[in-house]
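Asker: Just so you know, the sequences run in chain order Z and D. Residue numbering for the first sequence follows our numbering, starting at 14 and increasing by one per position. Residue numbering for the second sequence follows our numbering, starting at 14 and increasing by one per position.
Check each hint, because a few of them may be wrong.
Any copy will do: because identical chains look the same in the list, a pair fits if it lies in one copy or spans two.
Unchecked claim - Only pairs whose alpha carbons sit at most 27 Å apart, straight line, appear in this in silico DSS-like list of lysine-lysine:
| hint | residue 1 | residue 2 |
| --- | --- | --- |
| 1 | K173 | K87 |
| 2 | K125 | K306 |
| 3 | K194 | K33 |
| 4 | K33 | K306 |
| 5 | K125 | K206 |
| 6 | K206 | K239 |
| 7 | K239 | K173 |
| 8 | K306 | K210 |
| 9 | K308 | K121 |
| 10 | K270 | K125 |
| 11 | K239 | K210 |
| 12 | K270 | K306 |
| 13 | K125 | K194 |
| 14 | K239 | K100 |
| 15 | K239 | K270 |
| 16 | K194 | K100 |
| 17 | K308 | K210 |
| 18 | K74 | K306 |
| 19 | K270 | K308 |
| 20 | K100 | K270 |
It should be emphasised that the hints constitute simulated quantities derived from the structure, not laboratory data. Remember, it's a predicted structure, so these values are computed and weren't measured experimentally.
Chain by chain, the residues:
There are 2 protein chains.
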Amino acid sequence: MSLLVTGSIGLDTVEVPTGKREHIIGGSAVYFSLAASFFTPVRLVGVVGEDCPPNLLSIFKDYDVDTSGLEVRKGSQTFRWHGSYVKNMNQCETIRTDLNVLAENAAKIPEKFRDSRYAFLANTHPTIQQQTLSQLHKPRLVVADTMNLWIENESKELAKLLKQIDGLVLNDGEARLLTGKQNLIVAAHEVLKMGPKFVVVKKGEHGCLMVSENDTFVLPAFPADKVIDPTGAGDSFAGGMMGYLATQGNSYPSTVKRALAFGTVVASFAIADFSVDGLKSTNRQAIDHRWEKFKQSMIF
Amino acid sequence: MSLLVTGSIGLDTVEVPTGKREHIIGGSAVYFSLAASFFTPVRLVGVVGEDCPPNLLSIFKDYDVDTSGLEVRKGSQTFRWHGSYVKNMNQCETIRTDLNVLAENAAKIPEKFRDSRYAFLANTHPTIQQQTLSQLHKPRLVVADTMNLWIENESKELAKLLKQIDGLVLNDGEARLLTGKQNLIVAAHEVLKMGPKFVVVKKGEHGCLMVSENDTFVLPAFPADKVIDPTGAGDSFAGGMMGYLATQGNSYPSTVKRALAFGTVVASFAIADFSVDGLKSTNRQAIDHRWEKFKQSMIF
C-alpha cells in the first residue's frame, strides 16, 4: 500500500574513528525512502534549498521513490548537519546543525499523495508533523519519530502529535527523557499513555524493543562486524519496518515482529558504509537472505 | 553432570536509586551456585572469614549445593564489596572493595570434588583460577569470568589462563578493554584468538552475545519492568547457563543457545530484588515457564 514519508533531506559532515566525510548525502527522509523502497513504492515529501547538489536530487533515480513532493526552494539553503562518532560509535555527538530551509514552511503534500494509507513523519518540529498529518485524507497507520530538542522545548506540541499517531519510534535516551523513567519497558508503557498504540525504542547496537498494550517484543541488533557510519541507522530501520508493514496491510503482533526484524536487517546494511552507500550496495534479495539468517539465529 | 564453582563469597553494601542495603549476602560464587542449583547439583568451593554471619553459611540449605568446599578461615575476614547503581542501573560504580580473605591462599578443592566434569571459575585473580583448575582431574568444560582489574594488572597470568579454558564470560566493557576493539563482535573474535573456544559477552540490560569459531548468537535481555538490584546478574546468568549445560552433556550450538536463554531468564529473576532474594523467590517451574515465554517471543 501507499507509503508517504516526510522529513529532512540534506548534507552531512560525519566524523568516525576511521576518518571524516564532508557534505555527503543525508537526512532522515532520504535514508527512510531508500530503505522502504526495497519493499514498497515510497512517496517522498521534503524541501531542499537552491544550493542542493544534483547528486542529492538524483539519488532516487534507480529506486521506487516518487519525488513529486520534493521541492527545490529558491532563495533557501539546504539543511546541513555535522556529527561525530569518534568518542562513541553508539552515541552521536552533534557538532553543528544548520536547519536552513527546514526552519521555513513545510513542503506541501502533492494532492496525489494525500490518499496515502501509510505515513512516516520522520523527525522534525512536531507542529510541522501535525500540519503534514492534517493534509492526509484517511491514513491507516501513522508512525512518527522525534528527538530531544522537541521533547525539551516543544512538549505541548509533541503531546498533541502523540494523540494523533498510531506509533512512535524513538531512541532509548529520548524515551527516558520523554517519560522520566530509566527502565525502558516502564518508559515505553508511559509513552502508550500519551496516545500511541505502540512504541518502538531503538537502542542502536543493542537492538530495539516494541511495546503495545498486549505485547512486548525485544530484538537484538544484527551482529555486524563492520560498522563504518551509524548515521541513518534509525531512519533505515524505520524505513524497513514501515516498508514491510505497508506490504502486509495489517498490524498483527507477528507482522510487527517481522517488520522490526526487517528494519533491523536494513539498518545493518546502512551502517556498513558512509552516507547512503551501505543501502545502495544492497538489494531485496540480500535483505531477505540476511533476514532469514537473523530469524533462524533467534530460534533456540 | 557434576558442576564445580569457585569464586567470591561475601557481604555487599548496595546502593540503588530506591535505597541502600548494608552487609547483605553476595559474592559471585553465591549467586552462581544458587542459580545453577535450579538445574544440577553444585559443588561450591570458597573461603570466608571467621566474621561470617550464620545467615550467609545457611543460605544454601534448601538448595542442591554441596558446601563441603566452603572453608571458614580463622583469623581472617570475609570479603566485602560496596557498590552503587544510583547514577546508572546498567553500570555499577564500585565504592570500596575489601578483599580480606580473598587476598590470601585460595580454598582447597576437596578430593571428592576433583572429578568434576563442569567447572566455572568465577571472577578472581587469574593465578588462583589456574591453581583451582590444576586441581581438577579431567574437566570436560571449563568456563571462567574475569574483570578489569586483572585485565589491566595481571595480563600475563590472564593470558595463561585463557589458553587453558574452553569458554570466557565477561562483560562488554571488559571485552573492549581486553582486546582494544570497540565493536563487540570483532572483540569477541579477538578473544577466541587468545585461547577460548567460545566467548560470551554480557551486556546487562542489553542482553548477551556468544561467539565461537563457527557461530554468532545474540540474545536480548528478558524485558524486565522490575529491576531492583542488578548485583549478581552476570553470575546468575553464568549459573543458569552452566547449570543447564551440565545437564546436557554436549556443547552443540543449539544447546549453547538454550543455555544462554536459561542464563538470561535466571538473571531476570535475580535482579528483581536485593541480594539473593530474587533467586530465592523463584523455582525451576517458574524459570521454565519464563524461558518458554522468552523463547516464543523470539520467534517471528
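Asker: All hints, please: hold or fail.
Answerer: Cross-check of the supplied hints:
For a Cα distance limit of 27 Å, the shortest separation of K173 from K87 qualifies neither inside one copy, at 32 Å, nor across copies, at 68 Å. For the identical chains of this complex, K125 and K306 are neighbours neither inside a copy (39 Å) nor across copies (45 Å), given an alpha-carbon limit of 27 Å. Proximity of K194 to K33 under the C-alpha cut-off of 27 Å is restricted to the inter-copy arrangement: shortest distance 20 Å between copies versus 35 Å within a copy. In the homo-oligomer, the alpha carbons of K33 and K306 never lie at most 27 Å apart, since the shortest distance is 32 Å inside one protomer and 45 Å across protomers.
Taking the shortest alpha-carbon separations for K125 and K206, neither the intra-copy value of 34 Å nor the inter-copy value of 59 Å comes in at or below 27 Å. Within a single copy, K206 and K239 get their C-alpha atoms only as close as 38 Å, which misses the 27 Å cut-off; across copies the closest is 19 Å, which meets it. With identical chains, the CA atoms of K239 and K173 are never at most 27 Å apart, being 40 Å at best within one copy and 30 Å at best between copies. For a Cα distance limit of 27 Å, the shortest separation of K306 from K210 across copies, 22 Å, qualifies, whereas the shortest one inside one copy, 30 Å, does not.
Taking identical chains as interchangeable, the C-alpha atoms of K308 and K121 are never at most 27 Å apart, the minima being 40 Å within one chain and 46 Å between chains. In the homo-oligomer, the alpha carbons of K270 and K125 never lie at most 27 Å apart, since the shortest distance is 31 Å inside one protomer and 50 Å across protomers. Proximity of K239 and K210 under a CA criterion of 27 Å is satisfied inter-copy only: 22 Å between copies versus 35 Å inside one chain copy. Taking identical chains as interchangeable, the C-alpha atoms of K270 and K306 lie at most 27 Å apart whether they share a chain (15 Å) or sit on different chains (15 Å).
In the homo-oligomer, the alpha carbons of K125 and K194 never lie at most 27 Å apart, since the shortest distance is 42 Å inside one protomer and 50 Å across protomers. Taking the shortest alpha-carbon separations for K239 and K100, only the intra-copy value of 17 Å comes in at or below 27 Å, while the best inter-copy value is 32 Å. Proximity of K239 to K270 under the C-alpha cut-off of 27 Å is found in both arrangements, the shortest distances being 25 Å within a copy and 24 Å between copies. In this assembly of identical chains, the alpha carbons of K194 and K100 lie at most 27 Å apart whether taken from the same copy (26 Å) or from different copies (13 Å).
Taking CA atoms no more than 27 Å apart as the test, K308 paired with K210 passes in both settings, with 25 Å inside one copy and 25 Å between copies. For a Cα distance limit of 27 Å, the shortest separation of K74 from K306 qualifies neither inside one copy, at 30 Å, nor across copies, at 45 Å. For a Cα distance limit of 27 Å, the shortest separation of K270 from K308 qualifies both inside one copy, at 10 Å, and across copies, at 14 Å. With identical chains, the CA atoms of K100 and K270 are never at most 27 Å apart, being 32 Å at best within one copy and 33 Å at best between copies.
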